[in-house]
Amino acid sequence: MSTPEFEAFLARLYTDEAARARFLRDRLGEARAAGLTEEQAASLAALDAGALQAAALSFARKRSHKQHHAKRRWFGFRLH
Amino acid sequence: MADRFGLGWRDDLAAGILSNLHRIDVLEVIADDYFHASAKKLRALRDLAAQHPVLLHAVSLGMASTIAVDEKRLAVMARLCDAVRPQAWSEHLAFVRAGGIEIGHMASPPRNAASIDATLANIHRAAHAVGAAPAMENVASLIDPPGSTIAEAAWLASIASHSPGGLLLDLHNVYSNAVNFGYDARSLLETIPLQHVRFIHLAGGKWIGNRILDDHLHDVPGPVYELLRFVAEHAPQPLTVILERDGAYPPIGALLAQLDRARLAVAEGRKAAYEHARV
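Here the protein sequences line up with chains A and B, keeping their order.
Letter 59 of the first sequence, counting from 1, is numbered 59 in our numbering, and no numbers are missing.
Letter 222 of the second sequence, counting from 1, is numbered 222 in our numbering, and no numbers are missing.
Please keep in mind that the hints were generated in silico from the structure rather than gathered at the bench.
Model, not experiment: these values are computed from the prediction.
Please note: incorrect hints may appear among the correct ones.
[Unchecked claim] Taking lysine to any residue and the SDA-like style, the derived pairs with C-alpha atoms no more than 25 Å apart in a straight line are:
| hint | chain 1 | residue 1 | chain 2 | residue 2 |
| --- | --- | --- | --- | --- |
| 1 | B | K40 | A | H68 |
| 2 | B | K72 | B | A114 |
| 3 | A | K66 | B | L217 |
| 4 | B | K41 | A | D16 |
| 5 | A | K62 | B | N180 |
| 6 | A | K66 | B | G16 |
| 7 | A | K62 | B | E226 |
[As the list claims (entries may be wrong)] Beyond 10 Å from chain B on every Cβ pair, some chain A residues (computed):
| hint | residue |
| --- | --- |
| 8 | D16 |
| 9 | E17 |
| 10 | R25 |
| 11 | D48 |
| 12 | A55 |
| 13 | K62 |
| 14 | R63 |
Using N, Cα and C, we set each Cβ at its ideal position, and we do this for glycine too.
Could you build the full structure based on these sequences and the hints that come with them?
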């Protein structure tokens, strides 16, 4: 069931708010449009929407935190 | 070798750690923080590793993926290991990117036969590139990964049984996933081959609704110490237990007190195992 295409679809769901909204409106349609198998599409259709939103928010916070720290390190390097 | 108890190195904790090294058996350093470090910073880490046991912990290789782990990233990890000479290194059972998209954190992979095979292939690639196999860490998740056909315990057991570097068992991740997905944490520990556990992570998180977020910003909760006691009772090999804290830092004394509590939990587990053996 795992393929690079399936992982890419998950990565987009976890990071792209617009893609996530489209998916939650039409789960099977979006999965099929991405070329996923029926088995993969069925597994996505059963996804817990609340858990998906919570995970996406958590990932977004992690990315923001990393960007903040990268900036801090970069400025620190420039100043010292 | 005896059981060891250590802390995750964080720059914000450096002064407290360095002034209490006699109470900290081992330090775990985030490898990624040094992938592009200045010569001065790298030298400081090398000097530290020469004086005190150091482990390197990578977070961004993306080993639990059907996509082959990037050889350039492995080469950077290999150079870092060559420079620092850590006692061991570790990574996560997670995917972090796919299709050109960086997730920015560790995502739990779909648990199925294909992901087991692909993950083991990546572990072997990493072992070959770095010259030592990584210990692999179970991850926490807020979402039950789609595409899963195998329970988490069985998936972890398969990886642990075939991974040459053994398992880094994060007990807060076990606890969080048990809460988030409604299973018994101990039943997971009874399923995975505990003899393959080399390292243990302890951490704390917070409740968001009816789920636990493994944010490493809080103290280790009581149930995690109970799981540690259980592992110490059923895994006879020496264990290295690392406390992770990524922010909202308390005074160093509070972290050392949590390490002491971990020591007590392991001692209780070892004592229980000894008493079972005598009967």
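Hint-by-hint comparison with the structure:
About 23 Å separates the Cα atoms of K40(B) and H68(A), which keeps this hinted pair within 25 Å; it holds. Distance hint between K72(B) and A114(B) is fulfilled; the C-alpha atoms sit about 24 Å from each other, no more than 25 Å. Simply put, K66(A) and L217(B) have alpha-carbon atoms about 15 Å apart, close enough for the 25 Å limit, and the pair holds. Restraint check for K41(B) and D16(A): the C-alpha separation of about 36 Å exceeds 25 Å, so the hint is violated.
Proposed proximity of K62(A) and N180(B) is supported: the alpha carbons are some 20 Å apart, at most 25 Å. A distance of roughly 24 Å separates the Cα atoms of K66(A) and G16(B); the hinted pair therefore holds under the 25 Å criterion. Distance hint between K62(A) and E226(B) is unfulfilled; the C-alpha atoms sit about 29 Å from each other, more than 25 Å. The beta carbon of D16(A) sits about 8 Å from the closest Cβ of chain B, which is not more than 10 Å, so the claim that it is off the interface is violated.
Residue placement check: E17(A) keeps its beta carbon more than 10 Å from all beta carbons of chain B (closest about 13 Å). R25(A), annotated as away from the interface, keeps every beta carbon of chain B farther than 10 Å; the closest lies near 17 Å. Not every Cβ of chain B is farther than 10 Å from the Cβ of D48(A); the closest lies at roughly 7 Å, contradicting the non-interface assignment. The non-interface label for A55(A) is inconsistent with chain B: the shortest C-beta to C-beta separation is roughly 4 Å, within 10 Å.
Under the 10 Å C-beta cut-off, the non-interface status given to K62(A) relative to chain B is violated; the minimum distance is some 4 Å. Listed as a non-interface residue, R63(A) fails to keep its Cβ farther than 10 Å from every Cβ of chain B; the least gap is roughly 3 Å.
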